[in-house]
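Using the sequences and the hints given, assemble the complete structure.
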Amino acid sequence: MKNNLKWIFIVPIIFLMTACSKNTLSTSQTTYHADGMVAVVKGKTDPKAKLSYQINKQAQTKKVTNNDGSFAINVARSPQKQNIKIKSDYQQKQLYKTVQIAAAKPIMDYPEFAQKYNYLLLAQQQKPVLNSKLNNTITNIVNTPDQTVRINVQQQKLMAVTLIYPLKAMKTKAGVQNTSKSIATVIQLIGADGRDVLKQLAQQMRDAKKNQTALKTITSHGKQFKLGVSSDKFYLYITE
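The opening position of the sequence shown corresponds to residue 1 in the numbering used here, with each subsequent residue numbered one higher.
Treat the hints as calculated values from the structure; they're not laboratory data. Mixed in with the good hints, there may be bad ones.
What the hints assert, rightly or not - Label-pair distances were calculated between CB atoms; the ranges are:
| no. | residue 1 | residue 2 | range |
| --- | --- | --- | --- |
| 1 | Pro47 | Leu120 | 49 to 55 Å |
| 2 | Pro79 | Gln126 | 27 to 33 Å |
| 3 | Asn178 | Lys50 | 43 to 49 Å |
| 4 | Ala72 | Lys116 | 33 to 39 Å |
| 5 | Tyr96 | Ala72 | 14 to 20 Å |
| 6 | Lys116 | Gln92 | 52 to 58 Å |
Please read all numbers here as calculations on a predicted model, not as lab measurements. We put the CB at the ideal spot given by N, CA and C, even for glycine.
Printed below as a string of structure tokens:
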């Protein structure tokens with residue numbers, strides 16, 4: 001009788017332990033679109049699972065941080081469709097999930113952008129900084145306390161540009177002028193209307209100060225400009 005009672009208590013415990021250790025893997029979508037520099041693949045898995053992923057069946061496998069069962073994978077905006085194969089490994093049980101990142105339009109050919117950028121620096125009696133063969137990377141080409149210029153280059157195509165400036169720069173006349181000049185220069189290099197974009201950005205900055213966060217995407221000559229604001233910086237995301 002005592003043995004029977006023991007098994008009555010043990011069996012449910014074993015069942016619960018087995019149920020709790022069941023691996024799971026899911027994503028919020030099956031197809032994602034890039035927003036700015038990257039597409040963000042979000043999903044759920046067991047809190048203790050080890051995660052990794054591959055892009056387009058490439059040999060390189062990248063690890064993913066598991067945040068108590070949630071994860072996010074940043075995949076660079078690209079001119080071609082990308083298949084992302086995610087692997088979740090927990091207690092010798094491996095699960096796989098494949099999602100797609102839709103192809104995105106490039107802003108322009110990267111070598112053309114690099115050439116224009118370097119010519120501009122030469123005209124300003126500065127040293128050229130851009131390597132025309134830069135490829136398959138997201139990198140800062142300018143990184144100072146006053147501004148950051150970040151570019152995404154994939155397959156020799158300029159896919160996205162992000163401009164970052166401190167909000168304190170907008171509190172002085174000189175700061176506003178320098179920031180506006182920097183933004184206008186990049187806008188001109190990619191073939192958009194700098195004056196029109198700056199005018200609309202100025203209005204959006206005024207709206208942001210009034211806590212109006214529903215900021216609209218600005219379009220000029222096919223290029224899209226999206227403003228983002230944090231507690232101490234503002235971001236201008238440029239895509240096609």
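Do the hints match the structure? See the list:
no.: 1; hint: Pro47 - Leu120: 49 to 55 Å; result: holds (50 Å)
no.: 2; hint: Pro79 - Gln126: 27 to 33 Å; result: holds (30 Å)
no.: 3; hint: Asn178 - Lys50: 43 to 49 Å; result: holds (47 Å)
no.: 4; hint: Ala72 - Lys116: 33 to 39 Å; result: holds (35 Å)
no.: 5; hint: Tyr96 - Ala72: 14 to 20 Å; result: holds (18 Å)
no.: 6; hint: Lys116 - Gln92: 52 to 58 Å; result: holds (55 Å)
Consistency with the previously given hints is maintained throughout, with no hint failing.
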